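For the record, the sequence lines run as chains X and H.
Residues in the first sequence are numbered consecutively from 1, following this note's numbering.
Residues in the second sequence are numbered consecutively from 78, following this note's numbering.
Any given hint could turn out to be false.
[Unchecked claim] Only pairs whose alpha carbons sit at most 16 Å apart, straight line, appear in this in silico EDC-like list of lysine to aspartate or glutamate:
id: 1; chain 1: H; residue 1: 244; chain 2: H; residue 2: 134
id: 2; chain 1: X; residue 1: 7; chain 2: X; residue 2: 26
id: 3; chain 1: H; residue 1: 86; chain 2: X; residue 2: 3
id: 4; chain 1: X; residue 1: 55; chain 2: X; residue 2: 38
id: 5; chain 1: H; residue 1: 86; chain 2: X; residue 2: 11
[Stated by the list, open to error] Where chain H lies over chain X, by a calculated footprint (3+ residues, C-beta under 8 Å):
id: 6; segment: 9 to 17
id: 7; segment: 50 to 57
id: 8; segment: 67 to 76
Hints are computed from structural coordinates only; laboratory data are not their basis.
Since we're looking at a predicted model, the values are computed, not measured.
Here a beta-carbon is modelled for each residue, glycine too, at the ideal position from N, C-alpha and C.
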Amino acid sequence: MTDTPMKVVVDCATGESTTVPLTEAELTQREIDRVAFEATEAERKAAEQAKENLKASANAKLLALGLTEAEVAALTA
Amino acid sequence: MTMQLIETKTLGTAAASITFTSIPQDGTDLVLLGLVRTARPLANDFVDLRFNGDNTDANYSARVVIGNGSSAFSFTENSYIGDVNGDTSTADTFSSISVYTLNYRGATTKLSLVDTVSEANATTALQTLLSRLWNNTGAITSMEIGFTAAGSNLVAGSTFSLYKITKGSDGIVTTSTT
Numbered sequence: 001m002t003d004t005p006m007k008v009v010v011d012c013a014t015g016e017s018t019t020v021p022l023t024e025a026e027l028t029q030r031e032i033d034r035v036a037f038e039a040t041e042a043e044r045k046a047a048e049q050a051k052e053n054l055k056a057s058a059n060a061k062l063l064a065l066g067l068t069e070a071e072v073a074a075l076t077a
Numbered sequence: 078m079t080m081q082l083i084e085t086k087t088l089g090t091a092a093a094s095i096t097f098t099s100i101p102q103d104g105t106d107l108v109l110l111g112l113v114r115t116a117r118p119l120a121n122d123f124v125d126l127r128f129n130g131d132n133t134d135a136n137y138s139a140r141v142v143i144g145n146g147s148s149a150f151s152f153t154e155n156s157y158i159g160d161v162n163g164d165t166s167t168a169d170t171f172s173s174i175s176v177y178t179l180n181y182r183g184a185t186t187k188l189s190l191v192d193t194v195s196e197a198n199a200t201t202a203l204q205t206l207l208s209r210l211w212n213n214t215g216a217i218t219s220m221e222i223g224f225t226a227a228g229s230n231l232v233a234g235s236t237f238s239l240y241k242i243t244k245g246s247d248g249i250v251t252t253s254t255t
């Protein structure tokens, strides 16, 4: 049997905390959120990788021009 | 500047989210500080923050800058407030989260300033800085910190502390009610 996810609710007026199961609506919302966020995350990761690839390419070209590693690092820092 | 602790909670067992309700309506700004780790089998998981039970992502808009120690990237998001340590990050390490929400009782949209660091005592550590707007003019009475990945839980030991900052009658001096 799959355990129902639980959430903790802290009442700031009384200081009491309770642990309650997520409702069906909350579970559905979590799944919707997960799909939406993972799509955004995939786009972000792709953009990061593309940027890293460009940096590596640029560094290689600078080295080929005769700059030292230290000069390339200083230039791109 | 004086901050007064409203409530603090350390999870004794894993939970999908933690919600602070009945937030006192006598402060000026809110500060949420947290130590977070999730059970998702990744090095980095993500966390979101919502106010007053508002689960409509479109009501939140964030401009994010994230650095990984060698590069920085910017993007837009909604209720996301940062990348945090997941289950495959270095054992027993937690991310730190700081959320400063200005004028939480004011009749304007709500601005939050966030910084999150996924410190795992490793080569790569993600630092997330973002400013976020909640498109609602009502007072903030509750806030929920949770995760958008189904099946992802906050692990035991994750801790959140909620503070209020109160300004004096001259609008400058802050007073402590302790």
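For each hint, the structure was consulted:
For the given pair, residue 244 of chain H sits about 31 Å from residue 134 of chain H by alpha-carbon distance, which is inconsistent with the 16 Å threshold. For the suggested pair residue 7 of chain X and residue 26 of chain X, the alpha carbons sit about 10 Å apart, so the restraint of at most 16 Å is met. Restraint check: the Cα-Cα separation between residue 86 of chain H and residue 3 of chain X comes to about 23 Å, which exceeds 16 Å; the hinted pair is violated. Pair hint residue 55 of chain X plus residue 38 of chain X does not hold up; C-alpha atoms about 25 Å apart against a cutoff of 16 Å.
Proposed proximity of residue 86 of chain H and residue 11 of chain X is supported: the alpha carbons are some 11 Å apart, at most 16 Å. Requiring three or more residues with a Cβ within less than 8 Å of a Cβ of chain H, the coverage given for the segment 9 to 17 of chain X holds, as 8 such residues are present. Restraint check on the segment 50 to 57 of chain X versus chain H: 3 residues with Cβ-Cβ distances below 8 Å, three needed, restraint holds. Counting residues of the segment 67 to 76 of chain X whose beta carbon lies closer than 8 Å to any beta carbon of chain H gives 0, which falls below the threshold of three, so the coverage claim is violated.
The structure shown violates the earlier hints numbered 1, 3, 4 and 8.
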